Amino acid sequence: MNDLFQYLPEIFTGSRVLVLLLGTVGGLILGATPGLSPTMAVALLVPFTFHMDPATGLVLLGSVFTSTVAGGSLAAILINIPGAPANIATTFDGYPMAKKGRAQEALYISYLSSLVGGVFGIIILMFFTPPLAKLAMEFGPSEMFWCAMFGVSVMAGLASGSMFKGLFMGGVGLLISCIGDDPVYGVTRFVFNDSLAGGITEIPALIGIFAIPQILGMVESLDVVLTKTHFRPEKGILRKVLGMLPGLSPQMGLGSFIGALVGIVPGAGGQIAGIIAYDQNKKFCKHPETLGTGDPRGVAAVESANNAMVGPSLIPMLIMGIPGCPTAAVLMGGLLIHGMFPGPDLFLKHADVTYTFFWAMLFAQITMGVFGLVMSRYSYLVTNISNLMMIGAVMVLAVFGTYTVSNNFDDVVLMFTLGFATYIARKYGFSAAPLVLGIILGPIVENNFSKGRMIAESDLGMFSYFFTGTTNLIIIGLCLLSLGWSLYSEVKFARSQKKNNVAAAPAGCAG
Amino acid sequence: MRKEILVTVAMVAFVGWFWWMARSVEISDSTIFPRAVMGAMLVMCGLQLIQAILMGRLGMKHLKSVAERPAYRKVAIILACMVVYLAVMEYIGFYTSAFLFYILTVLILQKRAITPKVLLVRGGMAAGFTASLYLLFNVILSSQVPSGILF
Numbered sequence: 001m002n003d004l005f006q007y008l009p010e011i012f013t014g015s016r017v018l019v020l021l022l023g024t025v026g027g028l029i030l031g032a033t034p035g036l037s038p039t040m041a042v043a044l045l046v047p048f049t050f051h052m053d054p055a056t057g058l059v060l061l062g063s064v065f066t067s068t069v070a071g072g073s074l075a076a077i078l079i080n081i082p083g084a085p086a087n088i089a090t091t092f093d094g095y096p097m098a099k100k101g102r103a104q105e106a107l108y109i110s111y112l113s114s115l116v117g118g119v120f121g122i123i124i125l126m127f128f129t130p131p132l133a134k135l136a137m138e139f140g141p142s143e144m145f146w147c148a149m150f151g152v153s154v155m156a157g158l159a160s161g162s163m164f165k166g167l168f169m170g171g172v173g174l175l176i177s178c179i180g181d182d183p184v185y186g187v188t189r190f191v192f193n194d195s196l197a198g199g200i201t202e203i204p205a206l207i208g209i210f211a212i213p214q215i216l217g218m219v220e221s222l223d224v225v226l227t228k229t230h231f232r233p234e235k236g237i238l239r240k241v242l243g244m245l246p247g248l249s250p251q252m253g254l255g256s257f258i259g260a261l262v263g264i265v266p267g268a269g270g271q272i273a274g275i276i277a278y279d280q281n282k283k284f285c286k287h288p289e290t291l292g293t294g295d296p297r298g299v300a301a302v303e304s305a306n307n308a309m310v311g312p313s314l315i316p317m318l319i320m321g322i323p324g325c326p327t328a329a330v331l332m333g334g335l336l337i338h339g340m341f342p343g344p345d346l347f348l349k350h351a352d353v354t355y356t357f358f359w360a361m362l363f364a365q366i367t368m369g370v371f372g373l374v375m376s377r378y379s380y381l382v383t384n385i386s387n388l389m390m391i392g393a394v395m396v397l398a399v400f401g402t403y404t405v406s407n408n409f410d411d412v413v414l415m416f417t418l419g420f421a422t423y424i425a426r427k428y429g430f431s432a433a434p435l436v437l438g439i440i441l442g443p444i445v446e447n448n449f450s451k452g453r454m455i456a457e458s459d460l461g462m463f464s465y466f467f468t469g470t471t472n473l474i475i476i477g478l479c480l481l482s483l484g485w486s487l488y489s490e491v492k493f494a495r496s497q498k499k500n501n502v503a504a505a506p507a508g509c510a511g
Numbered sequence: 001m002r003k004e005i006l007v008t009v010a011m012v013a014f015v016g017w018f019w020w021m022a023r024s025v026e027i028s029d030s031t032i033f034p035r036a037v038m039g040a041m042l043v044m045c046g047l048q049l050i051q052a053i054l055m056g057r058l059g060m061k062h063l064k065s066v067a068e069r070p071a072y073r074k075v076a077i078i079l080a081c082m083v084v085y086l087a088v089m090e091y092i093g094f095y096t097s098a099f100l101f102y103i104l105t106v107l108i109l110q111k112r113a114i115t116p117k118v119l120l121v122r123g124g125m126a127a128g129f130t131a132s133l134y135l136l137f138n139v140i141l142s143s144q145v146p147s148g149i150l151f
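So the protein sequences, as listed, match chains R and Y. Residue 377 in this note's numbering sits at position 377 of the first sequence, with consecutive numbering throughout. Residue 103 in this note's numbering sits at position 103 of the second sequence, with consecutive numbering throughout.
One thing to keep in mind: the hints can contain errors.
To be verified - Computed list of lysine-lysine pairs in DSSO-like fashion (alpha-carbon distance at most 30 angstroms, straight line):
#, chain 1, residue 1, chain 2, residue 2
1, Y, K117, Y, K74
2, R, K100, R, K282
3, R, K240, R, K100
4, R, K498, Y, K3
5, R, K99, Y, K111
6, R, K427, Y, K3
7, R, K492, Y, K3
8, R, K498, R, K283
9, R, K286, R, K492
10, R, K282, R, K499
11, R, K427, Y, K74
12, Y, K111, R, K427
13, R, K134, R, K451
14, R, K451, R, K349
15, R, K499, Y, K3
16, R, K282, R, K240
Unchecked claim - Each pair of labels, with its calculated beta carbon distance range:
#, chain 1, residue 1, chain 2, residue 2, range
17, Y, G16, R, V374, 55 to 65 angstroms
18, R, G198, Y, L136, 20 to 30 angstroms
19, R, G461, Y, R23, 23 to 33 angstroms
20, R, L18, Y, S24, 44 to 54 angstroms
None of these hints come from the bench; they were simulated from the model. No experiment lies behind these values; they were computed from the predicted model shown. The beta-carbon is built from N, C-alpha and C at its ideal position, and this holds for glycine as well.
Please put together the full structure from these sequences, using the hints given.
Below, the structure written as structure tokens:
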């Protein structure tokens with residue numbers, strides 16, 4: 001606890017405050033622009049942190065992560081298109097509110113709920129991570145192996161589309177991470193082109209996987225005409241919304257709790273947090289029939305949940321190297337390029353950087369809330385940013401970000417190739433998130449698998465080493481639970497589609 | 001259903017390709033982990049095939065399009081622009097290629113007719129964008145970028 005407060009002044013240096021403010025405002029704008037996801041924004045910014053000290057670099061990435069999630073609500077409310085996946089459920093009540101002429105009110109509720117949820121999530125991050133990191137010190141190779149596998153299984157299971165395709169993509173990521181020299185035996189593996197001899201560099205891969213499909217997606221939907229809700233800012237709305245806050249506190253409390261809980265689960269993310277919070281709010285609130293028709297309670301529950309997810313999603317990443325969501329995976333790339341490896345060392349050797357980052361995340365939430373409220377009045381400017389202008393800009397930034405990692409043009413080619421392959425794969429129902437997680441977690445999984453195998457062969461045997469012991473069994477149980485849940489969701493989806501098909505059949509016959 | 005079966009064939013082919021490459025690795029112990037992953041991926045292929053057949057029989061599908069009528073022609077043109085952009089970057093330099101790529105994508109994707117006025121406005125925007133890139137990357141960050149015969 002002393003360490004935490006000891007590093008509080010570190011955030012108040014001139015450059016860090018400037019980076020924090022720029023990151024927050026930039027993140028709000030990027031988040032509000034449909035087509036630019038938080039993950040892509042963070043991926044594009046990681047190479048910029050090369051030029052900063054680790055703490056300042058993480059302040060930038062953390063503030064952008066925080067504010068893009070909140071900024072996404074603006075597009076969700078005004079044009080019914082979520083600025084980020086985390087804001088999908090915000091459209092359920094946010095857009096109907098805007099259509100009823102209550103856009104400004106919805107935006108204020110959204111940013112205030114994001115602030116409440118976000119601060120709650122960061123407090124969880126600040127106070128739970130150090131003791132959990134100490135606990136993680138007890139983990140051996142087998143436990144670490146299963147933890148990483150849990151990350152892959154959850155992410156794959158929750159990927160959009162088929163669960164089997166999600167798991168397959170996780171496998172593709174693990175295989176891609178094997179390309180290059182084997183760290184244990186020193187032999188070269190799967191190098192089918194000379195430029196791959198050094199293996200796949202993570203940052204170019206992440207930039208390609210997130211940026212290229214998004215650019216091409218923007219091109220695809222350029223002709224789609226968006227129905228924008230315009231509003232004239234009125235005085236007194238903020239006071240009215242502040243007066244509504246006590247009434248919305250149960251939704252904010254529920255959303256914050258669910259968001260924090262979902263955030264800790266590796267691989268889940270803001271989209272799941274928002275949808276679960278909306279669903280649970282529907283079950284617990286008094287008049288659920290008004291939800292979906294422009295009810296402020298719906299906006300408050302979702303926005304507090306998706307921002308409460310941000311802090312806790314970093315907990316498994318910081319203590320075990322298992323990202324809680326795709327953006328956390330990219331942020332981990334930012335840690336690695338500064339020579340900082342997740343685990344207890346972050347709190348022992350790099351305590352100055354880690355605790356400064358925690359404080360930055362907290363202040364980013366507060367500045368996000370303040371700037372969000374101010375920006376709400378001028379939101380029409382943000383929604384007018386054309387994707388036409390963004391396409392060339394994002395591509396050029398992606399190329400720069402990739403090249404600057406090692407000043408190697410081969411990385412740029414790799415970035416583009418992986419990005420294009422991901423774009424094609426997405427067309428056939430394969431999700432990019434498990435691929436990224438596979439690439440990030442691959443070295444952790446293989447390293448611990450190899451270490452565990454060596455220990456097992458000299459002592460207990462493979463089965464006893466990997467499949468016995470309380471911690472191993474608990475994590476294996478969690479893996480099975482996540483896969484079982486995904487399978488159940490698949491069956492549920494199939495049943496609902498079958499029901500829809502049956503319902504649609506007579507109409508088709510009659511026609 | 002046929003589409004999903006073809007997808008499964010592609011999945012198996014991908015695993016097969018890696019399996020084939022694994023044969024040429026000098027120390028076989030080094031391929032234990034990748035082979036375990038490939039085994040699991042093959043199981044996923046089998047399950048995916050079963051799912052595809054079952055869902056096909058019930059008239060259901062997982063695949064859906066992002067936009068209602070995606071502009072694939074434009075996507076193909078932009079992809080071609082990207083390939084050309086990357087191919088010429090090392091010869092003409094980062095900033096010149098960025099300027100040309102930016103203005104080209106905007107002119108191709110916009111709906112307006114290309115008049116001298118539009119060209120001037122778009123050219124000004126592209127020049128402004130390139131100048132800010134130069135300011136950020138060269139002056140502020142002092143980063144190394146590919147330099148060619150031009151700027």
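Here's how the hints hold up against the structure:
| no. | hint | result |
| --- | --- | --- |
| 1 | Y:K117 x Y:K74 | holds (24 angstroms) |
| 2 | R:K100 x R:K282 | holds (21 angstroms) |
| 3 | R:K240 x R:K100 | holds (16 angstroms) |
| 4 | R:K498 x Y:K3 | holds (19 angstroms) |
| 5 | R:K99 x Y:K111 | holds (28 angstroms) |
| 6 | R:K427 x Y:K3 | holds (11 angstroms) |
| 7 | R:K492 x Y:K3 | holds (23 angstroms) |
| 8 | R:K498 x R:K283 | holds (26 angstroms) |
| 9 | R:K286 x R:K492 | holds (27 angstroms) |
| 10 | R:K282 x R:K499 | holds (23 angstroms) |
| 11 | R:K427 x Y:K74 | holds (16 angstroms) |
| 12 | Y:K111 x R:K427 | holds (26 angstroms) |
| 13 | R:K134 x R:K451 | holds (21 angstroms) |
| 14 | R:K451 x R:K349 | holds (24 angstroms) |
| 15 | R:K499 x Y:K3 | holds (23 angstroms) |
| 16 | R:K282 x R:K240 | holds (24 angstroms) |
| 17 | Y:G16 x R:V374: 55 to 65 angstroms | holds (57 angstroms) |
| 18 | R:G198 x Y:L136: 20 to 30 angstroms | holds (28 angstroms) |
| 19 | R:G461 x Y:R23: 23 to 33 angstroms | holds (28 angstroms) |
| 20 | R:L18 x Y:S24: 44 to 54 angstroms | holds (53 angstroms) |
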